[in-house]
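Numbering (our numbering), first residue to last: 8 to 426.
Derived by calculation from the structure, the hints in this document are not laboratory data. Incorrect hints may appear among the rest.
Derived pair list, reagent style SDA-like, types lysine to any residue, alpha-carbon separation capped at 20 Å [unchecked claim]:
id, residue 1, residue 2
1, K312, Y423
2, K73, Y423
3, K271, L373
4, K405, L310
5, K324, R349
6, K235, P294
7, K289, C326
8, K115, D140
9, K143, S242
10, K292, R349
11, K120, A72
12, K292, L246
13, K257, G195
14, K115, A380
15, K312, G195
16, K104, K73
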Amino acid sequence: MKQRGNSVRLLLTVALITFTGIALSANGLNLNGSGSRAMGMAGAVIAWTNDVSLFYFNPAGAANAKGTWISLFETNLLPSGTYTAAAFGVDAKTNSKLYPAGALGFIKPLSDKLTIGLGIYTPSGTGATWDGDQLKNLAGGKVYTWESFLGVVTISPLVAYKISDQLAVGATINFNYGMMHIKRPGVGQYEESLTGIGFGATFGMQFTPSDTLAFGLSYKLPVNVTLKGDATMASANLLGAAIDSEITRKTTLPMWLGAGVSFKPIDKLRLALDVNWTNWKKLDKIPVEFSETLWTQLMSHPLYKGAFDQNLELDWKDCIQYRIGAEYMLCEQWAVRLGYMRDPSPAPLATMNILLPQIPYNMFTLGAGYTGAKFSVNAALEILRGQEQTVPLALTSKMPGVHNMNIIVPSITIAYHFN
């Protein structure tokens, strides 16, 4: 039994490493989507998606699949974050790293009306890696590792049904595997590593009253995830405490609702508008529980609270994303795409911190694609321009100063159509 459990954990870990190396997110913990065709249009695809992006955006799109296909999506995030706190003499930048991610999807129509599929993709990821030498003024002049990662990989069996030529519905059951790592100063170096599983579902609908007009709705259930693992505090023994403890965190991937419309003013041009709402208010904190009694007691100690109180206070608010996109067919095989998304941050200034970066973004996208008889290839580029967040020193906050981040995200998607 133990060997089987280890095998399952290994499989999920490999999947997580394969499909998410994400270091940061947009809009809370959520990423912007999957699939280069969708990314080229800033994710404005709920009304018409019919490729690998449908597992993320709207499973009803599978009902309109023309034959069996398999698709692989690969992307890389190149972030550039900054944090300046003049009062403490801090001028820091994130380490230069490339973070790969991806998705894999398979769709098979069983009849003219019924379609099944399976997708593996990354809906959530956030975190950062900083140069500890540049942050030593925040840690008594000592150099520590400042690093975080919170990621989720989702495995989604899918079923979609075409009720009529105009109306299609779809759903997925989502098996979510979460992983969380944090490294930051404590009493010496503090580190934690946790994993956990949560279950959810996505429901979608597409209504296409004509060849030029389409509407879509998509809804994701909230998912409760209990993360468990181990934490270490390198110098806790100086206080008579153990240097390690089992750790538990409970968090929620909140409810998500999206609506979209697609319109073709001329035969070769598609325009799309999507609105996404996320219930981030549900995520007010990510609490922590330690198995070591003394660690729990030190969480409220006036001298050591800063080291042992590892509760992540968020107090986030609900957010709405607006996405617009355009696709123009140069010919039957070639398409070009543009898009824009306004992506607000759910975090108030009081809970801004460099380990869970939350920056409002203006996202600009472009893409192109080729569709042949058997193969299709799509590529896209996202450019996310962050809006500086200034946390005043007078505000009760652990991270006063100026926060910002910019991100460049190239991607490519390859699909093979069996018939």
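Checked hints:
1. K312 x Y423: With a Cα-Cα distance of about 55 Å, the restraint between K312 and Y423 is violated, given a limit of 20 Å.
2. K73 x Y423: Since the Cα atoms of K73 and Y423 sit roughly 12 Å apart, the hinted pair holds (cutoff 20 Å).
3. K271 x L373: holds (19 Å)
4. K405 x L310: Answer holds: K405 to L310 is near 16 Å, not above 20 Å.
5. K324 x R349: Cα-Cα ~16 Å, so holds.
6. K235 x P294: With Cα atoms ~12 Å apart, K235 and P294 stay inside 20 Å; holds.
7. K289 x C326: holds (11 Å)
8. K115 x D140: violated (53 Å)
9. K143 x S242: Cα-Cα ~17 Å, so holds.
10. K292 x R349: violated (25 Å)
11. K120 x A72: holds (10 Å)
12. K292 x L246: Roughly 28 Å between the alpha carbons, so the hint for K292 and L246 is violated.
13. K257 x G195: Violated. K257 to G195 sits at ~25 Å, over the 20 Å cutoff.
14. K115 x A380: Satisfied, since the Cα-Cα distance of roughly 17 Å is no more than 20 Å.
15. K312 x G195: holds (14 Å)
16. K104 x K73: Measuring from Cα to Cα gives roughly 39 Å; hence the hint is violated.
Checked against the numbered hints given earlier, this structure breaks hints 1, 8, 10, 12, 13, 16; the rest are met.
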